[in-house]
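*Asks:* Going down the list, the protein sequences come from chains A and B.
By our numbering, the letter at position 283 of the first sequence is numbered 283, and the numbering carries on one by one without gaps.
By our numbering, the letter at position 356 of the second sequence is numbered 356, and the numbering carries on one by one without gaps.
For the record, the hints were derived by calculation from the structure and aren't laboratory data.
The structure presented is a predicted model; accordingly, all values stated were derived computationally and were not measured.
C-beta atoms are modelled at their ideal positions from N, C-alpha and C, and glycine is treated no differently.
There may be inaccurate statements among the hints.
For the chain A half of the interface with chain B, some residues (derived, Cβ under 7 Å), not all of them [stated by the list, open to error]:
| no. | residue |
| --- | --- |
| 1 | D100 |
| 2 | R130 |
| 3 | A314 |
| 4 | T340 |
| 5 | Q353 |
| 6 | K356 |
| 7 | L357 |
| 8 | L360 |
| 9 | S369 |
| 10 | L370 |
| 11 | V421 |
| 12 | G422 |
| 13 | E430 |
| 14 | E433 |
| 15 | Y437 |
Cut-off 35 Å, straight-line C-alpha distance, at most; resulting in silico cross-link-like pairs (DSBU-like, lysine-lysine) [unchecked claim]:
| no. | chain 1 | residue 1 | chain 2 | residue 2 |
| --- | --- | --- | --- | --- |
| 16 | B | K59 | A | K110 |
| 17 | B | K291 | A | K101 |
| 18 | B | K229 | B | K291 |
| 19 | A | K101 | B | K400 |
| 20 | B | K277 | B | K291 |
| 21 | B | K101 | A | K59 |
| 22 | B | K277 | B | K452 |
| 23 | B | K101 | A | K400 |
| 24 | A | K101 | B | K59 |
| 25 | B | K22 | B | K59 |
| 26 | A | K291 | B | K400 |
| 27 | A | K59 | B | K110 |
Number of protein chains: 2
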Amino acid sequence: MQVYKFPYYFLGSADTKGVEEKSFVLRGDILWSAEPRRITTLENAYLVCLEGRSEGVFKELPREYAQLPLREHRGKLIIPGLTDLHVHAPQFAFRALGMDKPLLAWLEEKTFPEEGRYHDLAYAREAYTRFVEEVKRGPNTRLCVLATIHGPGSLLLMELLEESGLVSLVGKLSMDRNCPPYLMEENSEGALREWLDAYTQRRAQGGLANTGAILSPRFFPSCSEGSLKALAEIQREEGLPLQSHLSESRDEITWVRELCPQSPHYAGAYEDMGLLKGPTIMAHCVWPEEKEMDLLAQRGVHIAHCPQANMNLASGIAPVRQLLERGIPLGLGSDVAAGTETSIFRAMTDAIQVSKLRSLSFPQERPLSLEEAFYLGTAGGASFFNKLGTMGGRDFAPQKAGSFEQGWDLDALIIDDSSLVGGTTLPLLERLERVIYLSDDRHITEKYVRGKSILP
Amino acid sequence: MQVYKFPYYFLGSADTKGVEEKSFVLRGDILWSAEPRRITTLENAYLVCLEGRSEGVFKELPREYAQLPLREHRGKLIIPGLTDLHVHAPQFAFRALGMDKPLLAWLEEKTFPEEGRYHDLAYAREAYTRFVEEVKRGPNTRLCVLATIHGPGSLLLMELLEESGLVSLVGKLSMDRNCPPYLMEENSEGALREWLDAYTQRRAQGGLANTGAILSPRFFPSCSEGSLKALAEIQREEGLPLQSHLSESRDEITWVRELCPQSPHYAGAYEDMGLLKGPTIMAHCVWPEEKEMDLLAQRGVHIAHCPQANMNLASGIAPVRQLLERGIPLGLGSDVAAGTETSIFRAMTDAIQVSKLRSLSFPQERPLSLEEAFYLGTAGGASFFNKLGTMGGRDFAPQKAGSFEQGWDLDALIIDDSSLVGGTTLPLLERLERVIYLSDDRHITEKYVRGKSILP
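Chain A extracted, bound-state conformation (with noise of 0.2 Å):
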């Protein structure tokens, strides 16, 4: 798979302050996984950090680390940081609200009300530090996010995500058609235009370092093809990734279908309107057609699994066994609100219980196993941003994340299990399943972005 390159947007401006905050032995009990279907574990061992990357996980210290500052975390784990690939910022105000809802119901009562709010930007930034907070305090470090058709407002969550240390990409939604006047926008091409100059303009002065903007076209039916076709253009000329919705009901598809009759299925529509060429993540895909499948692997499109909206939202069960089989890149998604918790802990549980409901019908589709779930929240999710390639400042490429291997961004998880794991001596391996299934924000004691403590 080629990796994309950037001309200047997205992260990177050489972030030189704190190299020597950024340079450090991590001891404790460290695991880590670097291909779906194994978990590497090591005792008592050291991490090294140098300038914000791993050097490796080491039984004995090296000698040329020695005089590294040494963080004791003896007796915790030491996990990488999860990444979350599809989450609705704005959707954090209302998690857990009218689940009872059939989609289209929850869409009009819900959802585009609230999205309505965040030209208020005194409103977004109430609702939209809420989310970030919850989200610092929890397990994942990195994130894609949609926001709303608001540039100013989206703009304004990106300064947030900095702020807060975590790695983000942030995309202000695309909407011209099949939505509330409220949520319309009349020129969605200038106003896209318009959220990225103010973007490139930050970055221009050396602020999002570590935040990125993706086009965000909410789903096909909510786009015109003229916008889509507009967006495909932007994506050219910018080089930028893209995320949007794919598959996720029935109803869905066959929507689709009807607006674009000539596509052969609903990947295929965006790809006929000049999308899926960059790096791409298509949240859902709960109903591929097999050739659908055979274009996404082609295209090496990134699928962010939401476990947690294929049950609240009754769409029914992603094929996540055939995806994999088939190579399709994936990753675990929130999906907030249509998930109610941001954890990927959560959705990794979740994944695993779903494939495993799954599999009563399809008995060929081996259930996720716990190795796979754990892959699919680090370096799974986290590979999207490998894709990204250099971009401006050389410290920050190529920003691979999600595992331990050397040279990769340090994003780690301290996680003090004890009271999980009571007065009993368990296996490195039963450990981290325990802290998958049942650690909420309290057992995280440390929490380290591109090698930056952000916990405060």
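Go by the hints and put chain B onto chain A.
*Replies:* Chain B in isolation, oriented as in the chain A frame:
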């Protein structure tokens, strides 16, 4: 449905201590459910507790209660305590471990070896204490618990539950076939009678006022016909309730058919042994036949729906809508450790979510609503306790709980949801929905069981 008479076992020695502390008024935002489809809400209202029982909820405090101490919880939610209708106390020690294993491997590698340890009272005390502490901190106030085959360990669990202030029914398991040698009882009937005698003695000494005994054949395949018939005889003599497992997986149903070819179905196998005649809880019921449901309805058997177990063990999703429509009494179970979490809030949301997935395959089976899930986790599950009848202490009968109807035991949770609501104002029902989906033990500021505050 007839109230079953209990000659002397179970709950109800006159607990005259603390009568005064058990008479008071709670003020707050009060919600409760006396029927499946409706949650009643009253903002800034009064819940009157007289000697441990509810006198009802009032918008204005009636003059006759004006002298009672007022406990101020303005702005907080006051809801009934939750009932866990099916939980394995000894499995708490290995919850959330080995969840990827198939059922048989999980039983052999995790469940049975752990249950084998409870002959050791020191170990049992340590492990059961952790379990009881966890439940005490959480939202459940009543529980129907399966212990192990060990009489002394089961009695110890009863003592610990009694000390906690929770109301419970505890069952020493009966097992005398198809199980590892260290869990195989040589004289299952004798062991059961011995445990019941010890329990009766403790009752005679004035202990265990809130803790009852429940007959607990593990499940049909693990009990010989002789021992099941002896259980039926003991039940007839002693008037005890009974709990077991029913139709959890298709393999298990096939096995029961082989063991008992003359019975029409799994429930019929229990029926043919003379069981199902007293108050009975059967966990799961994922794959019931039509006639099996007729029998369950006829006998008024309570089903403990355990949605986490449905997923984690890949058993399938219980047809809850069908059970409800037939008038089969239903409650929710955590089924720790097939479920990983003890909280019945979690069981409520899981029940809604799996019912949505089921409705995709069975569109005629409407998913559970929030109101129904809340009812099942409160008054629905607790209604099992209503069937236990008068039992010695007049002050205990009829032990109704799970709602705030006049005369019912006052089990209540005080919930500070301010951190969940944020700065916004929400209707009471939406605040409850959010608590159900998102709260944890941090949000429970007080917990009353039978009018007694049990949190430290």
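*Asks:* Hinted pair, alpha-carbon criterion (35 Å max): K101(B), K59(A). Please report holds or violated.
*Replies:* Holds. K101(B) to K59(A) sits at ~30 Å (cutoff 35 Å).
*Asks:* Starting from K59(A), check that the Cα of K110(B) is at most 35 Å away, please.
*Replies:* Since the Cα atoms of K59(A) and K110(B) sit roughly 30 Å apart, the hinted pair holds (cutoff 35 Å).
*Asks:* Hey, does the Q353(A) contact hint survive, CB to chain B under 7 Å?
*Replies:* holds, 4 Å
*Asks:* Interface hint check: E430(A), Cβ to nearest Cβ on chain B, cutoff 7 Å. Holds or violated?
*Replies:* holds, 5 Å
*Asks:* K291(B) and K101(A): Cα distance at most 35 Å?
*Replies:* holds, 34 Å
*Asks:* Just to be careful: measuring from the Cβ of K356(A) to every Cβ in chain B, is the smallest value less than 7 Å?
*Replies:* holds, 4 Å
*Asks:* Does the alpha-carbon distance linking K101(A) and K59(B) stay inside the 35 Å limit?
*Replies:* holds, 30 Å
*Asks:* Return the status of the interface hint for G422(A): holds when the least beta-carbon distance to chain B is below 7 Å, violated otherwise.
*Replies:* G422(A) check passes; min Cβ-Cβ to chain B is 5 Å, inside 7 Å.
*Asks:* Starting from K277(B), check that the Cα of K452(B) is at most 35 Å away, please.
*Replies:* holds, 33 Å
*Asks:* Quick one, are K22(B) and K59(B) close enough, alpha carbons at most 35 Å?
*Replies:* holds, 21 Å
*Asks:* Holds or violated: is there a CB of chain B closer than 7 Å to the CB of R130(A)?
*Replies:* This hint holds: R130(A) lies near chain B, its Cβ roughly 5 Å from the closest one there, short of 7 Å.
*Asks:* Would the hint on L357(A) stand, with a C-beta cut-off of 7 Å toward chain B?
*Replies:* The hint holds - L357(A) has a Cβ within 7 Å of chain B, the shortest such distance being about 6 Å.
Consistency note: the structure conflicts with the earlier hints numbered 11, 26.
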